[in-house]
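In the order they appear, the protein sequences are chains F and P. 303 is the number of the first residue of the first sequence in the numbering used here; add one for each residue after it. -9 is the number of the first residue of the second sequence in the numbering used here; add one for each residue after it.
Just to be clear, a hint being listed does not mean it is correct.
Here are the computed distance ranges between Cβ atoms for each label pair [said to hold, decoys possible]:
1) F:P470 x P:W9: 20 to 28 Å
2) P:M(-4) x F:F400: 51 to 59 Å
3) F:L372 x P:T196: 49 to 57 Å
4) P:H62 x F:V371: 29 to 37 Å
5) P:F86 x F:K399: 43 to 51 Å
6) P:K156 x F:C348: 47 to 55 Å
7) P:T113 x F:Q391: 18 to 26 Å
8) P:R93 x F:T305: 30 to 38 Å
9) P:M55 x F:G459: 29 to 37 Å
10) F:Q465 x P:A85: 47 to 55 Å
Reference excerpt, derived from the structure (chain P facing chain F, CB under 7 Å, subset only) [to be verified]:
11) C22
12) L25
13) I108
14) M175
15) I176
16) P178
17) V179
18) G186
19) G190
Keep in mind that the hints were calculated from the coordinates and are not lab data. Cβ coordinates follow ideal geometry from the N, Cα and C atoms, glycine included.
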Amino acid sequence: METLQVLVLGFLSIVIVNNLVFTKFLGICPYLGVSGRIDMAFGMGCAVTFVVTLAGTLTWMIDHWVLRVLGLEVMMYVCFILVIAGAVQLVEMYVRKFFPALYESFGIFLPLITTNCAILGLCLFLNLWDTRRLIEAVVLSFGAGVGFTMAICIMAGIRETLQLADVPACLRGAPITLITAGLLSLAFMGFAGMIR
Amino acid sequence: MAAEGMTTRTSRTFVAGLWHENPVLRLLLGMCPTLAVTAAVKPALTMGLSVIFVLVCSNVAVSLMRHLLKPHLRILMFTLTIATFVTIADLYLKAFLPEMSERLGPYIPLIIVNCVIICRAETCASKNGLWISLVDAVGMGLGFTLTLCVLAAIRELLGTGMIFEKPILPVAGPQGGWFVPWTAMILPVGAFITLGLLLGGVNLITRRTKG
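Please build the complete structure, drawing on both the sequences and the hints.
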């Protein structure tokens, strides 16, 4: 029972209170680049959720069962990025084989997930927050993906409307997106302190 | 004549990183560290110097091995090279500036996935010789660091009334003073909005000088 409570709280905290995009500034590049249309944003979010769950779980296992046992923490970053690149490669091959249409629509964005800072960032935070059990690591990784999907979808929705707005010429494009993100992060600050 | 051509190319490559192709303001690369570490000038400067170190080393390494790279394993080789140099920078900071290392936390290892460095490896170092790659890395690194410092100075000044932890504006308190710190500036909100306005300002300047 207590485990369940910890897991649910951890999940909610990483989705809403410690949202990676709004409070930790991770994954801003795809957030600014892709989020022009809701369906694309949702697809991207799903791909990231899958990769981040896989990568978070694998890096936790490697960190706890291999690197710490052998005292090889120095190799941590190199191993982490190798695992992430491998996971992305796997997803890419799978999608290309079984969902060719989806693969076409993703284009360049799929391989670019490797360099999405949200993924490496989450793996590092799992290490930093000292996550003790495997199940916690899995739930937190999945939650991070859900949080990212939520953020990128909200932003895509706002930007669809923003295309019709009369924005000063020099603020069009990235600047107004950043300012909007600032206001959104202000709104998300309202959740701070809800869960410790 | 050839030597002169080399000199102009060198200086052009160097200046490009500072303004025309400034990584943050023009190419919109490396946003995560730009937003995350600029609550004060000190961490921003530390971050900028670490990025210069990693960028220079990785550009040189990639330029040296550019003939050996296989196209489909390119990105993987870049990230592994960068990860090695980031580990060196991270261990150095932990050993000599433990306080800074604590404050920057995961953002130092996150230099690995900083798009500025991968972009330079891909577009410059894997196509050019050692000298141009080196100059490009220094120019880009300096452009990145300067932008970070400007952003951090604005946020620190408005957020706490200090720059580089030295008081500039008289903060309201028992001793008098009139400046009430805008706490929002050192929170994520301040980061997003300041960078947005800064980008807008740069667009405005470009428009004026062109037209």
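The hints, checked one at a time:
no., hint, in the structure
1, F:P470 x P:W9: 20 to 28 Å, "holds (23 Å)"
2, P:M(-4) x F:F400: 51 to 59 Å, "holds (52 Å)"
3, F:L372 x P:T196: 49 to 57 Å, "holds (53 Å)"
4, P:H62 x F:V371: 29 to 37 Å, "holds (33 Å)"
5, P:F86 x F:K399: 43 to 51 Å, "holds (49 Å)"
6, P:K156 x F:C348: 47 to 55 Å, "holds (48 Å)"
7, P:T113 x F:Q391: 18 to 26 Å, "holds (22 Å)"
8, P:R93 x F:T305: 30 to 38 Å, "holds (33 Å)"
9, P:M55 x F:G459: 29 to 37 Å, "violated (45 Å)"
10, F:Q465 x P:A85: 47 to 55 Å, "holds (50 Å)"
11, C22, "holds (5 Å)"
12, L25, "holds (4 Å)"
13, I108, "holds (6 Å)"
14, M175, "violated (11 Å)"
15, I176, "violated (13 Å)"
16, P178, "holds (5 Å)"
17, V179, "holds (5 Å)"
18, G186, "holds (3 Å)"
19, G190, "holds (4 Å)"
Hints 9, 14 and 15 from the list above are not met by this structure, while the remaining hints are.
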